[in-house]
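Asks: My request is simple: use the sequences and hints to build the entire structure.
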Amino acid sequence: MFFLSAPSHAGISLSGTRVVYPGQSKEASVVVKNQSKGDVMIQSWIESLDEKQGDLPFALTPSLSRLGGDKQQILRIFYAGEGLAADRESAFWLSVQEIPQRAKGDNSLQIAVRQRIKLFYRPADLPGKADEAPAQLKWRWSSDGGKPALDVVNDTPYFVSLGHARLKVGTNAYPIVTEMVAPKSVKRLSLKDYTGHAQPVNAKVEFSSINDFGATVDTQADMSN
Numbered sequence: 000m001f002f003l004s005a006p007s008h009a010g011i012s013l014s015g016t017r018v019v020y021p022g023q024s025k026e027a028s029v030v031v032k033n034q035s036k037g038d039v040m041i042q043s044w045i046e047s048l049d050e051k052q053g054d055l056p057f058a059l060t061p062s063l064s065r066l067g068g069d070k071q072q073i074l075r076i077f078y079a080g081e082g083l084a085a086d087r088e089s090a091f092w093l094s095v096q097e098i099p100q101r102a103k104g105d106n107s108l109q110i111a112v113r114q115r116i117k118l119f120y121r122p123a124d125l126p127g128k129a130d131e132a133p134a135q136l137k138w139r140w141s142s143d144g145g146k147p148a149l150d151v152v153n154d155t156p157y158f159v160s161l162g163h164a165r166l167k168v169g170t171n172a173y174p175i176v177t178e179m180v181a182p183k184s185v186k187r188l189s190l191k192d193y194t195g196h197a198q199p200v201n202a203k204v205e206f207s208s209i210n211d212f213g214a215t216v217d218t219q220a221d222m223s224n
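In numbering that gives the first Met the number 0, the protein residues as written are 0 to 224.
It is worth saying that the hints were derived from the structure and are not from the lab.
Note that the Cβ used here is the ideal one computed from N, Cα and C, for glycine as well.
Some hints here could point you the wrong way.
[Said to hold, decoys possible] The following label-pair restraints were derived from C-beta to C-beta distances:
1. A214 x Q100: 46 to 52 angstroms
2. D211 x V152: 17 to 23 angstroms
3. G144 x Q23: 42 to 48 angstroms
4. V176 x A214: 45 to 51 angstroms
5. A134 x G37: 30 to 36 angstroms
6. R139 x D211: 48 to 54 angstroms
7. S189 x R75: 37 to 43 angstroms
Replies: Below you can see the structure in the form of structure tokens.
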């Protein structure tokens, strides 16, 4: 059996590209729809971003179920109430896998298609708003192994999922290799195609980020000293 992470080829679809679990809520949920005509078995689980094994303070129901053709069901996520930081968001993977059904006498290759989206637990009463976090990032000139790089400083309690980013110097633009930036952290990002060593004058960073609804938001920022 092979495993494939490719939502566009799956017989199942999810109602969102991410799940945000507000700390003041009793649960969070996502809708799973079977887009095929036949029944499918669905297995779902939550894991850490680094995929290391360990107990997580969540319950997920149903974790294993049969879903009829053209039917949908709600996956419910429950937080145990303790075990996560209260002063910042925590992030995890939510995986939903379609278990292939082999017909009797069928010797064809079986492919298990897995969809994986991020689950964000957002404690109650965090300062500020999640959609304000991208504009509050600070961008600083740095180096990585002698090569120019940028440090992005996130002082907010929210994750910022970066899409595309580039350093704009006059009419020239240099791609920045993006990653998700954790709350209250500094992330060093590689800068492509730039041959200088010192911070260019009047440089700006143009970048996009992904909001709670999976939409991209464009932002422009000045370089910090």
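Asks: Tell me the numbers of any earlier hints that the structure contravenes, in ascending order.
Replies: 1, 4, 5, 6
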